[in-house]
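> Protein chains in written order, with my numbering: chain A, 25 to 187; chain B, 342 to 623.
Bear in mind the hints are in silico, worked out from the structure with no lab data behind them. Be a bit skeptical, because a hint or two may be false.
[What the hints assert, rightly or not] Distance condition first, Cα-Cα at most 25 Å in a straight line; then the derived DSS-like pairs of lysine-lysine:
id : chain 1 : residue 1 : chain 2 : residue 2
1  : A       : 151       : B       : 354
2  : B       : 359       : A       : 151
3  : A       : 151       : A       : 63
4  : A       : 63        : B       : 359
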Amino acid sequence: MTEQTAALLFNFGVPAVLIVAGFFAGSWNERRHFRRIVKREEELRAILAFAIRRMPSDLALSAPHLVTGSAVISVDYFKRFAAGLRGIVGGRIGSYESLFERARREAMIRMKQTAQGAGSNIVLNVKLDTTRIYAGSRGGIVSVEAIAYGTAYLRHDEPAEIH
Amino acid sequence: MVLPICVMTSPPKFTNPKVPEGISSGHDHPLVDVAKSSAIVIALVAALIGGSFFAARFAAPYLPFSWEQALTRQVAQRTIASEAADTAVGTYLQALANRIAAAMDLPDGMTITVHFLEDDTVNAFATLGGHIFVFDGLWQLLDSENAVAMLLGHEIAHIKNRDPIRSASGALLATLTAGAVLGDAGILANLAGAGSLVTVMHFSRAQEAQADIDASAAVVGLYGHLNGATDLFSALQTAAADTIRPPAFLASHPNLSERIAELERRAVAAGWTFAGEKTPLP
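Can you make the complete structure from the sequences, with help from the hints?
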């Protein structure tokens, strides 16, 4: 094997293996995470969450307190590669859309779990923030954090209605 | 400013209905997404490399011939040092090439240097800087001066038409573009390095056809007829039957019979005759 072949193999072979490995591991993780998200969202349907800022006058609410929930999800090599290609040609970065959706929904679930643990059943003025965590000087996204926070109350007038 | 007032007859019901999946993400399968964007990227890279290849081929003939000579001076000196000591054949070929070059009306400053290599390879080629290499293997197959003149005329025509610099520039710029785009300039630039300056060039079918026509015109100009000129081709065809030692010339000059037919058509159109006396080799 010449030095050039070795260098070519190293330069293209190693990333190729990482991309394939990233695809299988990443897809498996993502499918599993989405299944768990859907299951827990269903379990927490009784905890209502709204983005309205003021306390509605017709609801009997008590015991307000701040609740937060956050989640950090890592990209995989395949997602980064797919996003890199999109960085050249433009368009929706599908691989990051699912990443951010998982982070947002996981953060909401954790916020609701916090509210439930504190005996609340409704969260108002819910806000969502996301942050990217970059790796060193090369500046590639390595993971995303989503944080959900709001004001939790105990609602007395009626049990939460589930449609 | 009047604000609309919303009158509610009953208090609103606060609910969180289940949100359907696949709105914020999951539109394309990840592999489909990657396939789509890779296809565009590959098309762009190919267009860029192809574009630089054809741009270089187009622009190369405008480079001064002296640059070509300067580029190959060192390599040529090394080659000359290693080639057979000045043989009678080499001297004869150079003298014949000079006569043909005069008949072909080369631009000012364009020089032709013939190198005779004592090697069994059945080949001859023209390369950068006006250098022509003729191998003993091919020389042995030719039995008249007319055939040798056709061969030299063909190679001189490549040089006159700037074919070597067009091929070399196209390949070099395409390789450099590929290296720059794919981010591996070092390795790829090495592949197109100085080692390939004096080497067999690959020319297009159109370039070969043009060289045949130019060579024929020169041969007719020198001898008044084309008799013996096509012996070059028939000798190569005969040699092609020799599977142990197939002519390397054919690897870079495919479609031999097509070219003979084309040459005969052009000869009829130009009024060139195939009747005449062959000039023997000295």
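> Now look at each hint and say whether the structure bears it out.
Each hint, compared with the structure:
1. For the proposed pair residue 151 of chain A and residue 354 of chain B, the alpha carbon gap of about 21 Å is at most 25 Å, so the pair holds.
2. A hinted pair counts as satisfied when its Cα atoms are at most 25 Å apart, and residue 359 of chain B with residue 151 of chain A qualifies at roughly 19 Å.
3. Taking the CA atoms of residue 151 of chain A and residue 63 of chain A, the gap is about 22 Å. The hint holds against a cut of 25 Å.
4. For the hint linking residue 63 of chain A to residue 359 of chain B, the alpha-carbon distance of about 12 Å falls within 25 Å, and the restraint holds.
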